Amino acid sequence: MSEIRIQNQDFNPGEEIAALADSQGSVGAVANFIGIVRGDDGMVAMTLDHYPGMCEREIAAHVEEAKRRWPILGVRIVHRVGRLTPGDNIVFVGVASAHRQAAFQAAEFLMDYLKTRAPFWKLEERNSSSVWVEAKSEDDHSANRWK
Amino acid sequence: MPPSGTEPREPNAKLLYFAWVRQKIGRSEEEIAPPASVTTVEGLVDFLRRRGAGYEAAFADLKLLRVAVNQEHTNFAATLGPHDEVAFFPPVTGG
Numbered sequence: 001m002s003e004i005r006i007q008n009q010d011f012n013p014g015e016e017i018a019a020l021a022d023s024q025g026s027v028g029a030v031a032n033f034i035g036i037v038r039g040d041d042g043m044v045a046m047t048l049d050h051y052p053g054m055c056e057r058e059i060a061a062h063v064e065e066a067k068r069r070w071p072i073l074g075v076r077i078v079h080r081v082g083r084l085t086p087g088d089n090i091v092f093v094g095v096a097s098a099h100r101q102a103a104f105q106a107a108e109f110l111m112d113y114l115k116t117r118a119p120f121w122k123l124e125e126r127n128s129s130s131v132w133v134e135a136k137s138e139d140d141h142s143a144n145r146w147k
Numbered sequence: 001m002p003p004s005g006t007e008p009r010e011p012n013a014k015l016l017y018f019a020w021v022r023q024k025i026g027r028s029e030e031e032i033a034p035p036a037s038v039t040t041v042e043g044l045v046d047f048l049r050r051r052g053a054g055y056e057a058a059f060a061d062l063k064l065l066r067v068a069v070n071q072e073h074t075n076f077a078a079t080l081g082p083h084d085e086v087a088f089f090p091p092v093t094g095g
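Chains S and E, in that order, are what the protein sequence lines are.
Each step along the first sequence adds one to the number in the numbering used here, with nothing skipped, and position 15 is 15.
Each step along the second sequence adds one to the number in the numbering used here, with nothing skipped, and position 17 is 17.
Since the hints were made in silico from the structure, they are not lab data.
Here the structure is a predicted model, which means the values were calculated and not measured.
Watch out, some of these pointers could steer you wrong.
[Stated by the list, open to error] Computed spacing ranges between beta-carbons, pair by pair:
hint	chain 1	residue 1	chain 2	residue 2	range
1	E	62	S	14	25 to 35 Å
2	S	133	E	31	53 to 63 Å
3	E	31	S	99	45 to 55 Å
4	S	69	E	39	56 to 66 Å
5	E	52	S	135	24 to 34 Å
6	E	28	S	1	45 to 55 Å
7	S	87	E	52	34 to 44 Å
8	S	21	E	57	30 to 40 Å
9	E	77	S	1	20 to 30 Å
10	S	104	E	53	34 to 44 Å
11	S	68	E	37	39 to 49 Å
[What the hints assert, rightly or not] Heads up, simulated SDA-like pairs for lysine to any residue below, C-alpha to C-alpha not over 25 Å straight-line:
hint	chain 1	residue 1	chain 2	residue 2
12	E	14	S	124
13	S	122	E	12
14	S	67	S	111
15	E	24	S	83
16	S	136	E	71
17	S	136	E	14
18	S	136	E	75
19	S	122	E	14
Note that the Cβ used here is the ideal one computed from N, Cα and C, for glycine as well.
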């Protein structure tokens, strides 16, 4: 069971987490991550652009990769796009598994992918200037450790 | 086969632009019918560059650009077929 959504509107983390539980009792752990827009360095807003279609397909491929690596029972990924301001939710990643280790690791693996290689672009507004964020190597390092 | 009495359609390419590529070109997508001489992404870029200053600015330095054909990452030497979806964008920054 996996769900991937890319949307403008906000999400409710509680609802996403609740949807990862199951009625059979096989889920013993749900790990989740919520990314939130920071307001440091005078950031006023961040606008996320994505490649509709390709973005969902690529994320789905990485969910499949996570399922090959860990015994996962459910995944939910919600990523927001459009203009977001400090304090807004950006991304939700939730992974359900029988045990916590697989849930933690798979959630981190998916988050590292989303932060580095998923087809998103970020426009940061600071004071009166807007700048497209360039790809950075620190996050790449986080993603490379899963190779 | 096209129905009789209609001209065969020109092979169209659907082009998509993201992030600053979209801003420089001034649109997010378009359909074009490139000349038959355009057989690669590189050839398409040369053709697009002649369409105006925005295109010229967007494609000024291909090292800053990435390309996907039919939603798969590829390179500028890639061969194009008819009706391909070609997307130009800066290196992805993730969410």
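So, going through the hints one by one against the coordinates:
The supplied range of 25 to 35 Å is broken by residue 62 of chain E and residue 14 of chain S, whose beta-carbon atoms lie about 46 Å from each other. At roughly 30 Å, the beta carbons of residue 133 of chain S and residue 31 of chain E sit outside the given window of 53 to 63 Å. Range check, residue 31 of chain E to residue 99 of chain S: about 51 Å between beta-carbon atoms, so the 45 to 55 Å window is met. For the hinted restraint 56 to 66 Å between residue 69 of chain S and residue 39 of chain E, the CB-CB distance of approximately 40 Å leaves it violated.
Between residue 52 of chain E and residue 135 of chain S the beta carbon distance is about 27 Å. The supplied range of 24 to 34 Å therefore holds. The hinted range of 45 to 55 Å is not satisfied by residue 28 of chain E and residue 1 of chain S, whose Cβ atoms lie roughly 33 Å apart. Distance hint check: the CB atoms of residue 87 of chain S and residue 52 of chain E are about 40 Å apart, consistent with the given range 34 to 44 Å. Checked against the hint of 30 to 40 Å, the pair residue 21 of chain S and residue 57 of chain E fails, with Cβ atoms roughly 51 Å apart.
For the pair residue 77 of chain E and residue 1 of chain S, the supplied restraint of 20 to 30 Å is violated, since their beta-carbon distance comes to about 41 Å. Between residue 104 of chain S and residue 53 of chain E, the C-beta spacing of about 51 Å breaks the proposed range 34 to 44 Å. Residue 68 of chain S and residue 37 of chain E have their C-beta atoms about 44 Å apart, which keeps the hinted 39 to 49 Å range intact. Among the hinted pairs, residue 14 of chain E with residue 124 of chain S is inconsistent with the structure: their alpha-carbon atoms are about 28 Å apart, more than 25 Å.
Taking the CA atoms of residue 122 of chain S and residue 12 of chain E, the gap is near 30 Å; set against the 25 Å cutoff, the hint is violated. Straight-line distance between C-alpha atoms of residue 67 of chain S and residue 111 of chain S comes to about 14 Å, which keeps the hinted pair within the 25 Å bound. For the given pair, residue 24 of chain E sits about 19 Å from residue 83 of chain S by alpha-carbon distance, which is consistent with the 25 Å threshold. Under the criterion of a C-alpha separation no larger than 25 Å, the hint pairing residue 136 of chain S with residue 71 of chain E is consistent with the structure, at around 23 Å.
Restraint check for residue 136 of chain S and residue 14 of chain E: the C-alpha separation of about 30 Å exceeds 25 Å, so the hint is violated. Pair hint residue 136 of chain S plus residue 75 of chain E holds up; C-alpha atoms about 21 Å apart against a cutoff of 25 Å. For the given pair, residue 122 of chain S sits about 24 Å from residue 14 of chain E by alpha-carbon distance, which is consistent with the 25 Å threshold.
Hint compliance for this structure: hints 1, 2, 4, 6, 8, 9, 10, 12, 13, 17 are not met, and every other hint is.
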